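Protein chains in written order, with numbering that gives the first Met the number 0: chain D, 0 to 364; chain A, 0 to 260; chain L, 0 to 291.
It cannot be assumed that every hint is accurate.
If you anchor each label on the Cβ, the simulated ranges turn out as follows [claimed, not checked]:
| id | chain 1 | residue 1 | chain 2 | residue 2 | range |
| --- | --- | --- | --- | --- | --- |
| 1 | A | 85 | D | 224 | 22 to 30 Å |
| 2 | L | 55 | D | 92 | 52 to 60 Å |
| 3 | A | 74 | L | 89 | 13 to 21 Å |
| 4 | D | 310 | L | 89 | 48 to 56 Å |
| 5 | D | 310 | L | 121 | 19 to 27 Å |
| 6 | L | 142 | D | 120 | 45 to 53 Å |
| 7 | D | 128 | L | 152 | 32 to 40 Å |
A short list of chain L residues far from chain D (calculated; beta carbon distances all over 12 Å) [what the hints assert, rightly or not]:
| id | residue |
| --- | --- |
| 8 | 73 |
| 9 | 80 |
| 10 | 121 |
| 11 | 156 |
| 12 | 159 |
| 13 | 214 |
Hints listed in this document are in silico derivations from the structure and should not be mistaken for laboratory results.
Please read all numbers here as calculations on a predicted model, not as lab measurements.
All C-beta atoms, glycine included, are put in the ideal place defined by N, C-alpha and C.
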Amino acid sequence: MTTTNRRRIAWIAGSAAIIVLAAILPLLAIEIPGVFPGPTYTPGTLQLLAYAMLIAALALSYRLLFGLAGMLSFGHALFFAAGAYGLGVVLEWFAPSELPSEVVFIGAILITLVFGIVLSLTVGSLALRVGGISFAMVTLAFAQAGSVLIRRNPGGATGGEEGLALDITHVPEGFIGVMNTRNLYWFALGVLVFVYLVVLWVERSRAGHVAAAGRENELRVRVLGVRPYPVKLLVFTVAGALAAVAGMGYLLLQSGAAPRVATADFTLTLLVIVVLGGVGYRWGAIIGGLIYTLLDQRLTALAGSEAIAALPDVLRIPLSEPLFILGTLFILVVMFLPGGIAGIPQRLRTHRRSTALESKETVDA
Amino acid sequence: MSEPILAVSGLHARIAGQQVVEDVSFTVPSSGVTALLGRNGVGKTSTIKAVLGLIDRTGDVRLAGDRVDRLPTHRIVQRGVGYVPEDREVFAGLTVAENLRLAERDAEPRRELVERLFPDLVQRKAQRAGTLSGGQQQMVSLARALLNDNRVLLVDEPTKGLAPKIVGEVAEALEAVADTVPILLVEQNLHVVRQLATDVVVLSGGRVVHTGGAAEFLDDDDLVHRLLGVHGDHAESDASEGAPAPEASATTDTTTEEGRA
Amino acid sequence: MSTVILLLVTGLGLGALYFLVASGLSLIYGLMHVLNFAHGVFLTIGAFLGWEVGRRVSDGTWGGLLLSMLVGVVVGAIVAALTEYLLIRRLYERHIEQVLVTVGLALAGVALMEGIWGTDPIYTAKPAWLTETTEILGARIPNDRFLLIGIAVLVLLGIVLFLRGTRYGLIIRAGVENRHMVTALGIDVRRSFTLVFAIGGAAAGLGGVLASVYYGYVSAHLGSSLLIFAFIVTVIGGLGSLAGAAIASVLVAVLQQFANFYLGGTGDLAVVLALAAVLLIRPSGLMGKAAA
Ligand SMILES: Nc1ncnc2c1ncn2[C@@H]1O[C@H](COP(=O)(O)OP(=O)(O)OP(=O)(O)O)[C@@H](O)[C@H]1O
Ligand SMILES: [Mg+2]
Chain D
0 MTTTNRRRIA WIAGSAAIIV LAAILPLLAI EIPGVFPGPT YTPGTLQLLA
50 YAMLIAALAL SYRLLFGLAG MLSFGHALFF AAGAYGLGVV LEWFAPSELP
100 SEVVFIGAIL ITLVFGIVLS LTVGSLALRV GGISFAMVTL AFAQAGSVLI
150 RRNPGGATGG EEGLALDITH VPEGFIGVMN TRNLYWFALG VLVFVYLVVL
200 WVERSRAGHV AAAGRENELR VRVLGVRPYP VKLLVFTVAG ALAAVAGMGY
250 LLLQSGAAPR VATADFTLTL LVIVVLGGVG YRWGAIIGGL IYTLLDQRLT
300 ALAGSEAIAA LPDVLRIPLS EPLFILGTLF ILVVMFLPGG IAGIPQRLRT
350 HRRSTALESK ETVDA
Chain A
0 MSEPILAVSG LHARIAGQQV VEDVSFTVPS SGVTALLGRN GVGKTSTIKA
50 VLGLIDRTGD VRLAGDRVDR LPTHRIVQRG VGYVPEDREV FAGLTVAENL
100 RLAERDAEPR RELVERLFPD LVQRKAQRAG TLSGGQQQMV SLARALLNDN
150 RVLLVDEPTK GLAPKIVGEV AEALEAVADT VPILLVEQNL HVVRQLATDV
200 VVLSGGRVVH TGGAAEFLDD DDLVHRLLGV HGDHAESDAS EGAPAPEASA
250 TTDTTTEEGR A
Chain L
0 MSTVILLLVT GLGLGALYFL VASGLSLIYG LMHVLNFAHG VFLTIGAFLG
50 WEVGRRVSDG TWGGLLLSML VGVVVGAIVA ALTEYLLIRR LYERHIEQVL
100 VTVGLALAGV ALMEGIWGTD PIYTAKPAWL TETTEILGAR IPNDRFLLIG
150 IAVLVLLGIV LFLRGTRYGL IIRAGVENRH MVTALGIDVR RSFTLVFAIG
200 GAAAGLGGVL ASVYYGYVSA HLGSSLLIFA FIVTVIGGLG SLAGAAIASV
250 LVAVLQQFAN FYLGGTGDLA VVLALAAVLL IRPSGLMGKA AA
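Given only the sequences and the hints, what does the whole structure look like? Please build it.
Dropping the structure here:
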């Protein structure tokens with residue numbers, strides 16, 4: 000009893016410390032050349048970190064689907080896009096409104112959230128009628144439909160290929176302009192913590208346990224007398240709603256939305272992030288999201304650097320393509336590091352212990 | 000008796016994380032029919048699949064003295080193991096001729112033998128296996144194993160779900176080949192077991208609970224009743240048709256056996 | 000009337016492209032249960048190298064085009080076989096990981112080709128006849144459609160002959176039905192995995208060259224955009240069914256053309272809705288096996 004209690008306290012203290020550290024980052028001047036574009040208080044670095052945290056939040060919601068419940072969806076980007084574009088469109092609609100800005104802003108967020116929930120409930124209830132690879136295809140198809148719709152620019156609402164610019168009429172002043180990147184950073188941190196807590200709550204709930212059991216062995220769940228469908232639908236809907244929340248954060252942070260975030264490629268990126276970080280671990284999704292975003296950004300910067308330009312073609316071309324490096328890295332992780340980055344400590348530990356005793360199978364719950 | 004053709008010891012296997020074969024050991028002599036018996040779901044099929052490497056397994060499996068438990072399925076089969084799976088598993092979309100052609104491993108497959116044993120199949124060569132009756136499909140499945148010169152046959156419930164007349168035909172075919180090749184036979188129909196088997200191995204809850212001669216076992220009505228949940232073949236004629244034992248009693252049975260072991 | 004014919008034939012031409020991609024996808028999935036996201040890369044690399052060789056030898060002539068197609072076939076087959084041999088095989092029976100590796104390969108492959116050939120489409124030359132039109136019942140049909148349809152039919156025939164007439168074809172057909180039973184007959188089914196990848200890659204590589212004829216350009220994203228529709232085709236047709244892939248290719252492409260013309264450019268949406276409808280009514284697809 001006491002050891003679990005002590006462990007829990009240590010865990011809470013550790014988490015709190017990390018959050019506090021993340022929160023005071025904008026007040027510090029930490030410089031890590033090669034990782035951050037500048038000191039941590041500069042808008043450029045804060046913007047990048049905030050973006051990475053939102054991607055991490057999105058990856059967390061995807062891990063809930065794929066890692067916890069074993070649902071391989073190729074359409075998760077749809078819900079992220081629903082949050083980003085949904086909020087953008089609603090804010091544009093209400094721009095002429097005379098209501099107080101706070102009311103419009105909060106109202107728009109709530110409307111978008113409801114939209115995200117209804118959308119994921121609808122897609123989920125249809126897609127979950129089929130299983131396995133067909134499920135993946137139905138989700139892919141719906142996301143593709145969303146992506147096409149956004150590019151079509153119906154009624155000029157989504158801005159088509161150009162993307163949608165944020166209408167700032169009712170957006171709080173603290174969220175606008177480069178000077179306020181810090182606030183957006185804190186906002187993104189808040190989104191990440193919120194998503195993490197919801198994911199934790201779902202995983203610890205009875206539904207979460209049933210979903211995890213269903214991933215291993217659907218038959219066993221049925222034998223227990225639980226119908227997997229409602230549980231899966233619940234997890235799907237929560238994951239979709241959380242993705243929409245991250246999408247709203249993305250819209251505010253980027254002052255707009257690009258059609259790229261609705262594509263199948265974007266969902267594939269999420270898959271890469273979750274697997275890179277470690278499917279079996281919640282914080283794997285966060286680590287994966289942060290590392291992927293930073294790598295992507297830094298590799299892009301590296302690609303433009305003179306050191307690379309001076310290389311012969313055989314080296315220069317691959318090295319100047321961040322996605323080539325990330326894709327290759329991903330393949331290597333899948334082939335040689337099944338637990339992902341977050342699984343490395345576990346692997347080292349069992350490696351050391353494996354001679355002493357048979358490793359007891361630890362199943363992440 | 001000479002060296003057994005198949006010697007299994009300490010075999011373990013899991014399906015979907017569940018232990019279905021636990022520390023199973025038995026041998027199949029180099030001649031005659033060894034019947035692998037047990038109630039529904041005790042792990043007979045799993046034992047055979049584990050021997051063939053069709054499911055993940057650990058343990059020591061020897062074919063004529065050579066270890067084969069590290070080999071992939073196709074290599075084990077190539078060493079002379081014929082397999083007739085439960086539920087026949089013919090390729091439904093392929094014709095009878097294609098099913099048989101696929102199974103031919105030897106340079107000189109024994110087509111005449113197969114045609115003599117199953118004349119029905121000759122006329123149906125061009126027919127899709129999926130459109131055959133259950134009995135005919137079973138013949139295709141048996142024929143696939145008999146085409147090659149095997150050192151041992153693993154035959155899993157060849158009479159399951161067949162009409163009584165066909166059961167007799169299948170049993171006769173097996174009896175005919177049993178003279179030339181040893182067989183490990185899973186069979187619920189105790190008439191067929193009595194007709195063919197020389198030895199028995201009885202499983203319960205994934206473990207071996209009895210081994211011995213076939214006749215002595217079948218004559219011991221109490222033992223048969225306790226281990227298989229049915230009366231001996233002379234007591235109740237069709238006890239083995241379709242649904243042998245009530246599921247509920249199987250667990251109590253397992254515990255008594257474990258207590259004994 | 001002439002519009003309907005034009006839409007039909009153009010749909011058939013596009014369906015031919017879909018088929019060249021979907022046939023391999025479907026066979027690979029049917030035999031190995033791997034959803035191959037790298038299939039688009041096989042197509043694109045075939046298109047690029049085919050174009051590079053063809054234009055150097057004889058740009059814009061029939062000889063050059065034939066050479067391009069040959070190169071596309073060979074390159075697609077080699078890249079695909081290597082993919083199976085070096086990556087997929089090592090993850091034997093771990094289907095999720097296998098899919099993930101193909102995802103990684105798709106990302107890396109497209110990025111690499113972008114690095115080599117740039118992000119903008121490169122316009123290609125083709126024989127003069129292919130740029131002209133032929134009138135059928137009043138419809139002026141671009142000639143390249145006939146080339147696409149003809150070659151797709153030849154490929155379909157070739158694959159069917161291979162599957163029906165050779166021992167490897169027999170093994171592949173049996174393996175699609177029940178792979179474990181094939182190994183239990185003493186056959187090393189893994190060897191046919193490489194073969195199926197090579198066949199699928201060859202068809203995709205050829206499809207790449209033909210896609211560059213159809214669209215008039217090559218680009219690093221040629222494969223990715225066709226791949227999504229090929230996936231949809233494969234699922235509608237029934238995973239593992241070659242005939243299903245052929246029928247669904249035509250249905251999807253024709254539906255797309257008609258919806259684009261008569262329903263204000265909603266072809267893509269119509270296809271997606273068709274997929275959802277088919278899966279909900281018949282989860283195994285038009286000609287798929289009953290079991291998932
Ligand atoms: N695919 C599977 N997934 C989960 N459990 C399985 C699977 N196949 C078999 N089992 C379980 O493994 C155990 C042994 O099954 P097996 O088929 O080996 O028994 P059996 O003795 O051949 O039964 P039967 O007389 O019905 O053929 C059973 O309890 C069964 O429920
Ligand atoms: Mg059985």
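These are the hints, each one checked on the structure:
As the Cβ distance of residue 85(A) to residue 224(D) is approximately 29 Å, the hint placing it in 22 to 30 Å holds. The supplied range of 52 to 60 Å is met by residue 55(L) and residue 92(D), whose beta-carbon atoms lie about 56 Å from each other. Residue 74(A) and residue 89(L) have their C-beta atoms about 19 Å apart, which keeps the hinted 13 to 21 Å range intact. Against the hinted window of 48 to 56 Å, the Cβ-Cβ separation of residue 310(D) and residue 89(L) comes to about 30 Å, which falls outside the hint.
Between residue 310(D) and residue 121(L) the Cβ separation comes to about 24 Å, which falls inside the hinted range of 19 to 27 Å. A beta carbon spacing of about 50 Å between residue 142(L) and residue 120(D) agrees with the range 45 to 53 Å that was offered as a hint. Remark: the range hint 32 to 40 Å for residue 128(D) to residue 152(L) is upheld by a beta-carbon distance near 36 Å. Residue placement check: residue 73(L) keeps its beta carbon more than 12 Å from all beta carbons of chain D (closest about 22 Å).
Listed as outside the interface, residue 80(L) is consistent with that label: its C-beta sits roughly 17 Å from the nearest C-beta of chain D, beyond the 12 Å cut-off. Its beta-carbon lying about 16 Å from the closest one in chain D, residue 121(L) satisfies the requirement of being farther than 12 Å from that chain. Its beta-carbon lying about 28 Å from the closest one in chain D, residue 156(L) satisfies the requirement of being farther than 12 Å from that chain. Once the 12 Å rule is applied to beta carbons, residue 159(L) is consistent with being away from chain D; the minimum gap is 25 Å.
The beta carbon of residue 214(L) is kept farther than 12 Å from every beta carbon of chain D, the shortest such distance being approximately 18 Å.
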